[in-house]
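Chemist: Listed below are the residues making up each chain.
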Amino acid sequence: MFNKSFKLSPSKKKTTENGNKDKTQEKEASESTIPSSSIAFVQAIKDATHHPADLIVKSIPTKLTIVYIDNLVNGQTLSDHIIKDLYKNTNEIPETIKSQLSIPEVKLSSELNQAVSAMLNGTVLIHTEGYTQVVLANISTRESRGLQPPENESQVIGSQVGFNESLSTNVSLIRRFIMNADLCHESFTLGEQTNTSISLLYIKDIASEEMVNTLRQRINDLTVDALLDSSVLSEMIDDNSLSPFPQMLLTERPDRFCEGLLNGKLGIIVDGSSMAIVCPQSFIEFFQSREDQNLRWPIASFLRLLRFSAVFLSVFLTPLYVAALTFHYEVIPQSLLVPLSESRSLVPFPPIVEALLLELIIELLREAGARLPTKIGQTIGIVGGIVIGTAAVQAGITSNILIIIVALSALASFTTPSYMMGNVIRVIRFPIIILAGFWGFYGIMLAFCFLLTHVIRLSSLGSPYTAPFYPPRWIDWRDSIIRLPIPFTFSRPKSTRAKHRKKYEPEPIKPEKKLN
Amino acid sequence: MKNAIQLNPKDMINAVLLFFVIHTTQVGVGIQGFQRIVYQDAKHDAWISVLLAGLATHIIAFIMIKTLEMYSSDDLYGIHQDVFGKWIGNFLNCIYLIYCIAAFFTILKNYIEVIQTWVFQNVNTWLLTATLLLLIIYAVTGGLRVIVGLSFFSFIFSLWLFPMLIYPLEFTGNSSLFPILESNMAGILKGAQSMTFTIIGFELLNVVYPFVKEKKKVKKHVHLGLLMTTITYLCFMLVSLTYFSEGQLNKTIWATLSLFNIIKFPFIERFEYLAICFWMLLILPNLCLYLWAAYRGVIRMVNISLNKVVWIIAFLTFLSSQVIQTRTEINKFNDYFAHVAFYIVFVYPIFLYAMAVLKKKFSSKKEHV
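Which chain is which? The protein sequence lines are A and B, in order. Numbering (the numbering used here) for the first sequence: 1 to 516. Numbering (the numbering used here) for the second sequence: 517 to 885.
Certain hints may be false.
[Unchecked claim] Calculated pairs, DSS-like style, for lysine-lysine (alpha carbon to alpha carbon, straight line, at most 25 Å):
1) B:882 x B:731
2) B:882 x A:494
3) A:494 x B:732
4) B:882 x A:502
5) A:58 x A:98
6) B:877 x B:559
7) B:735 x B:875
8) B:780 x B:582
9) A:58 x A:46
10) A:46 x A:63
11) B:602 x B:881
12) B:706 x B:526
13) A:494 x B:526
14) B:729 x A:502
15) B:729 x A:494
16) B:733 x A:494
17) B:875 x B:602
18) B:559 x B:731
19) A:84 x A:107
20) B:733 x B:602
21) A:499 x B:729
22) B:767 x B:582
23) B:526 x B:767
24) B:582 x B:875
25) A:84 x A:58
26) B:875 x B:732
27) A:499 x B:526
Keep in mind the hints are simulated off the structure, nothing from the lab.
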């Protein structure tokens with residue numbers, strides 16, 4: 001009877017997962033042991049990995065064989081700490097090797113599968129002739145790009161470091177921000193082909209157990225072939241995957257991620273992806289920038305209000321133009337109507353065609369700008385913006401005023417601090433323009449009501465998407481479309497169902513501090 | 517009680533939200549043109565009628581809550597079944613259900629008429645009906661949480677309409693209000709009765725009540741909501757009485773919209789065009805709640821899913837909206853509906869309360885014996 005999207009755990013493909021488990025168990029039973037002879041061992045490894053060209057096998061007198069994959073291991077460590085040690089060493093029992101190697105992560109294993117998957121992760125396998133155990137020495141190294149400022153979420157004030165594609169680097173960045181033993185880090189593996197590592201992070205003392213369980217459940221229930229980016233994961237574990245609106249935040253800023261964790265949210269990092277997932281996220285939070293916390297509160301509030309009005313402007317300005325000029329001339333005052341009709345006097349199309357044409361051109365420019373290399377992208381922007389714009393007006397295809405309106409709404413849609421949400425705003429404009437062309441203000445209102453209903457129906461990890469406005473949580477309004485000074489915003493948002501609602505006990509506010 | 521509704525705490529709403537629910541279900545199409553109807557009976561004392569009608573809503577709401585409080589968590593349909601037994605109870609439920617659908621239909625029809633008269637003369641009725649119905653179906657199938665959400669946002673987003681009354685204030689003269697109490701009492705009372713169509717909506721508390729979390733706070737928020745409505749109507753009535761002349765008000769069907777006519781901004785004229793389209797947001801919670809209330813009645817008698825009920829009622833509404841088309845027909849239907857609504861909303865709760873009290877006394881005696 002109630003909203004379906006409020007269900008906390010969607011059951012997704014449980015049966016297939018069980019089926020896969022059975023299969024892997026069978027496999028393990030048939031070929032899991034490690035042969036005692038070196039030659040058979042190397043052959044087994046080669047068979048398991050289908051004779052890769054980068055597999056390196058090296059024999060060390062008298063009984064040792066080491067196997068690893070080139071470029072996955074750190075060459076310096078390999079020669080300094082493994083090969084050197086092994087040459088010196090006379091005792092060749094795996095147990096002793098394990099205890100004597102000067103490397104932090106050394107394990108023993110007697111299962112071939114485990115050894116192979118460890119090798120694919122950058123582990124050196126050390127096999128002794130005559131033993132069915134093998135030493136796994138982890139000296140993996142990953143090629144990753146250095147830390148760079150976040151490109152899509154740049155900020156004037158605040159930390160200038162962004163996530164990169166390495167999971168371990170990203171987790172270490174977060175640990176730098178939150179030096180807390182309560183910071184929980186759970187690891188998952190997803191993707192039957194890719195075996196991508198995923199980390200779920202939350203602060204035990206703050207995050208709601210129920211939400212953690214739900215999210216864990218959703219990740220465990222997934223069966224995917226490959227997972228190449230976190231955005232795909234976020235779409236799969238969203239409450240409503242069919243909605244155009246993202247229900248989880250994708251961010252490349254560690255500070256934004258940590259802010260979420262500190263508010264009781266949960267974070268997911270996917271290996272190989274520079275965007276991290278933060279959830280639950282309410283609609284309004286997509287329009288808040290991390291920078292708002294760094295600026296003084298009146299300025300931050302002003303910027304937030306500006307951004308929210310920009311969203312409305314961006315979505316409704318062009319449709320209003322179309323509606324007014326197609327159906328409701330009476331609404332436009334005389335003094336404004338004259339320049340409007342003057343500029344439209346040469347245009348041969350009805351307003352809806354004119355508007356759609358220009359919006360499409362802007363979208364084309366934008367898409368071209370995003371695909372081209374940075375340097376050419378700028379040039380294309382200038383060529384497109386100035387040349388096409390001016391020429392279109394001079395050729396009499398569009399009116400001057402529409403160019404201003406379209407440019408304004410395009411500009412406004414860039415102010416959204418989340419790229420995913422910015423895209424939604426950019427796209428939902430089109431159906432509204434078309435409705436405005438058919439039914440004028442009625443069409444716009446219809447679209448608005450549909451959007452409003454849709455947004456109310458959505459939820460993010462079971463908590464309402466329209467929070468804190470509806471259901472009304474008055475205290476959270478202090479940090480919503482405006483931001484009150486820090487002494488007033490002492491509570492965590494209720495939508496995260498944090499264990500401790502207050503960040504600290506508020507003290508009486510002293511406006512001015514006097515020197516003693 | 518045997519009929520008590522078992523609810524998941526997640527499905528329940530805060531008592532604060534009742535304020536918005538009550539207020540937004542009352543304010544809808546009625547406010548667009550209630551001035552003329554009341555004025556015809558009460559003349560320039562119409563504002564007293566508005567006050568009286570507001571007072572009546574408070575009294576009735578008080579009695580309604582008393583009745584509901586006797587049953588810890590039950591709606592009107594369950595109370596009917598408990599007080600009158602299964603057969604008569606279900607018969608009464610049917611009547612209430614039909615009343616809800618009729619209210620739904622009337623609101624929809626009136627709004628479409630306003631749109632056709634003011635904004636789009638040439639757009640087909642069926643097209644407007646179909647689009648609105650689709651929107652409502654989408655909202656109602658989301659459940660009470662979504663409907664109450666719409667009420668809330670409808671209130672917040674329409675707050676800006678209130679200050680718009682300042683524009684016509686410039687052209688008002690309060691001399692037309694005097695002398696006070698010139699019309700006789702009967703006229704004023706009759707005017708108050710004419711407010712029925714405009715002021716109903718709060719009776720849906722009967723159905724929403726079991727879904728409220730803090731039952732103790734219900735009273736406060738319901739009465740606040742009613743007060744807010746009365747103040748709104750009073751303001752609109754006072755401004756209209758002083759703005760229009762006597763003859764004008766008698767002829768103006770949609771006085772509120774005509775009031776908005778005067779509003780001018782540097783970039784917008786003929787403000788009522790915007791306002792009428794914006795009114796969709798105001799009637800949306802109205803429509804959704806009536807439809808939802810009808811659904812609650814249906815599931816008391818038949819085991820059926822929300823989606824089915826909503827689609828069936830929407831389809832029936834769509835068909836019947838093709839029958840009633842002209843202004844006179846709509847007016848007639850409004851009058852009939854207002855008549856029936858007066859008895860269902862203002863008279864019946866008193867009777868039901870009396871019956872419930874009697875039944876309780878009767879059954880407690882039985883238990884003692």
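Chemist: Could you run down the list of hints and mark each one as holding or not?
Modeler: Hint by hint, here is what the structure shows:
1. B:882 x B:731: violated (29 Å)
2. B:882 x A:494: violated (49 Å)
3. A:494 x B:732: With Cα atoms ~23 Å apart, residue 494 of chain A and residue 732 of chain B stay inside 25 Å; holds.
4. B:882 x A:502: Status violated; Cα separation ~54 Å.
5. A:58 x A:98: Holds - the C-alpha atoms of residue 98 of chain A and residue 58 of chain A are around 18 Å apart, at most 25 Å.
6. B:877 x B:559: Distance of about 46 Å is beyond 25 Å: violated.
7. B:735 x B:875: holds (24 Å)
8. B:780 x B:582: Violated, at about 47 Å.
9. A:58 x A:46: holds (13 Å)
10. A:46 x A:63: holds (19 Å)
11. B:602 x B:881: holds (22 Å)
12. B:706 x B:526: violated (44 Å)
13. A:494 x B:526: holds (15 Å)
14. B:729 x A:502: Distance of about 24 Å is within 25 Å: holds.
15. B:729 x A:494: Roughly 17 Å between the alpha carbons, so the hint for residue 729 of chain B and residue 494 of chain A holds.
16. B:733 x A:494: The hint holds at about 21 Å.
17. B:875 x B:602: holds (14 Å)
18. B:559 x B:731: Answer violated: residue 559 of chain B to residue 731 of chain B is near 41 Å, above 25 Å.
19. A:84 x A:107: Given pair residue 84 of chain A, residue 107 of chain A holds - Cα atoms ~19 Å apart, limit 25 Å.
20. B:733 x B:602: Since the Cα atoms of residue 733 of chain B and residue 602 of chain B sit roughly 31 Å apart, the hinted pair is violated (cutoff 25 Å).
21. A:499 x B:729: Holds, at about 22 Å.
22. B:767 x B:582: Given that 25 Å is the threshold and the Cα spacing comes to 42 Å, the pair is violated.
23. B:526 x B:767: Violated - the C-alpha atoms of residue 767 of chain B and residue 526 of chain B are around 50 Å apart, more than 25 Å.
24. B:582 x B:875: Measuring from Cα to Cα gives roughly 14 Å; hence the hint holds.
25. A:84 x A:58: holds (13 Å)
26. B:875 x B:732: holds (24 Å)
27. A:499 x B:526: holds (18 Å)
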